[in-house]
Amino acid sequence: MSGADDRDDRDADRDFDGGMPGGAAIRDPEALVEHVRRVRLGHGANCSSIGSVVDTLFVTATVGAAVFAAVVAALAKESTKVVPARKAPPERPPRGERSP
Amino acid sequence: MIVRFESWGAWVKLESTAAIVALDREGVRALGLDGGQAWSDAPGPSGPLEVHLAVTARCGAGCEGCYIDARPDGFEPSRDAIEQRLDALRDAGVFTVAFGGGEPTTRDDLDRLAAAALARGITPVLTTSGLGLTEARIDKLRAFAQVNVSYDGRGETYARVRGFDASAPAERAIERLASAGVTVGVNVVLTRDSFGALAETLARARSLGAREAQLLRYKPAGRAASLDYVARRLSPAQSRSLAPTLRALTKDLCGDGAFHIRIDCALVPFLSADDALAGDPALLTRFGVMGCEAADALAAVTADGRVAPCSFTGATDLAGTDIARDYGFEPELARWRAYVDAPPEPCASCSLRAVCKGGCKVVASFVDGAHGPDPECPRVIDFRKERAS
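Protein chains in written order, with the working numbering: chain A, 1 to 100; chain B, 101 to 489.
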């Protein structure tokens, strides 16, 4: 993966909905892999168009699986902060169901 | 990690490693979380995941193909104005903000702007030409998660893309940033002239300390929206060879995991020429490849504070400070999303449709004069040839 994000507690001002310690509720981290629908690696730093890491498309299945295992391990250990749900103006219609 | 609930589950931004993850509802529940109202209400609009924020329209480099036609006397918003926009991006649930311009390093408050983004839980990254990037200026970039330097190749290759050779200062900037401990990448614009030198360019960037290269399709916007575009864009043969080229580059440069290659949204349609990738769209989905996400996962905010579908398009009337409330409803942004939801052929039946999302609408608008299928996509070219015959 490209670069560790070594931020400390600089998210302090974000108005998060509560928080919980990492991994507290995960009984079987390995089983979480099947619920990961997408992994986007890296930050990217291009200011004009959205970019996607593609070298992962050409690696072996073993290396690809290791990427997902690393992500799940991170999911299991990190503490959680939730972005509050936004409330849409009631007079406007929602748009349709979209997948990630 | 930061969790943003969606109707289908949640986007999760990890903090111990640079990645964002889409989890389905079961996966979210396995974390001990529940989407609550986001899962029970009718599906509603989502905010962008990544926003490109122009912190200045000022730049003295004069690149021939500048997509925003930046000039030395360009408009520059105040820090207060930018922080108000960052407030709105926070409220919209944005994960990453890419500071650009113009040349963002002409500002002397980038350290404060990066801190302002971080304080709002948003990861700041930055793009620079690298020109005039002194040690003092680099010191102000330490809080950015990544800084990308525009680097299209050495000497004449660089000059053919931008109209002048500034590869030496760009190389110095890459080295200095890496030496300072800043995660540095390069942006490489692919033109007919630079494509052939790509292997050399990326190897050189890696040797200078770059950890990532983002390959960018040349686009007809700003000063590049001219007849010259037709001569500079990738040839059809080059477009079709993108996937094998990426395969070879991965083998040569990425084996140790210390260097990664990205492609931009506008290059995704070219992957349709590769049988292996076109036959396995789930692979692209799982590794988060994103095509045209304009007005959806991606948005731009111009230097004068208006929201655009992406950096290459005209701005809407929506103020950046209203993005959290009105992103899902602004008519022009909605038009972009509606096209992607129901594209015409050949996109409608393309195996990569859900990933590619119809290719680059900026190119389509310039070449065809309409918001339609990407005319440089190999599949679209073949479709049109077949129909014409």
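Please note: incorrect hints may appear among the correct ones.
Covered stretches of chain A, going by a simulated chain B footprint (3 or more residues, C-beta under 8 Å) [what the hints assert, rightly or not]: (1) 44-56; (2) 70-84.
Under the rule of at most 20 Å between Cα atoms (straight-line distance), these lysine to any residue pairs were calculated in the SDA-like manner [claimed, not checked]: (3) B:K351 <-> A:A66; (4) A:K81 <-> B:A297; (5) B:K240 <-> B:A297; (6) A:K81 <-> B:K240; (7) B:K351 <-> A:K77; (8) B:K351 <-> A:A65; (9) B:K240 <-> B:R158; (10) B:K351 <-> B:A297; (11) A:K81 <-> B:D180; (12) A:K81 <-> B:R125; (13) B:K240 <-> B:D180; (14) B:K351 <-> B:D374; (15) A:K77 <-> B:D124; (16) A:K81 <-> B:A278; (17) B:K351 <-> A:K81; (18) A:K77 <-> B:T117.
Worth flagging that the hints you see were computed from the coordinates, not collected in a lab. Predicted model, so just to flag it, every value in this text is computed and none were measured. Just so it is clear, CB atoms sit at the ideal spot from N, CA and C, and this is done for glycine as well.
Consistency of the hints with the structure:
no., hint, in the structure
1, 44-56, "holds (count 13)"
2, 70-84, "holds (count 11)"
3, B:K351 <-> A:A66, "holds (18 Å)"
4, A:K81 <-> B:A297, "violated (45 Å)"
5, B:K240 <-> B:A297, "violated (32 Å)"
6, A:K81 <-> B:K240, "violated (28 Å)"
7, B:K351 <-> A:K77, "violated (32 Å)"
8, B:K351 <-> A:A65, "holds (18 Å)"
9, B:K240 <-> B:R158, "holds (18 Å)"
10, B:K351 <-> B:A297, "holds (17 Å)"
11, A:K81 <-> B:D180, "violated (27 Å)"
12, A:K81 <-> B:R125, "holds (17 Å)"
13, B:K240 <-> B:D180, "holds (18 Å)"
14, B:K351 <-> B:D374, "holds (17 Å)"
15, A:K77 <-> B:D124, "holds (19 Å)"
16, A:K81 <-> B:A278, "violated (31 Å)"
17, B:K351 <-> A:K81, "violated (38 Å)"
18, A:K77 <-> B:T117, "holds (12 Å)"
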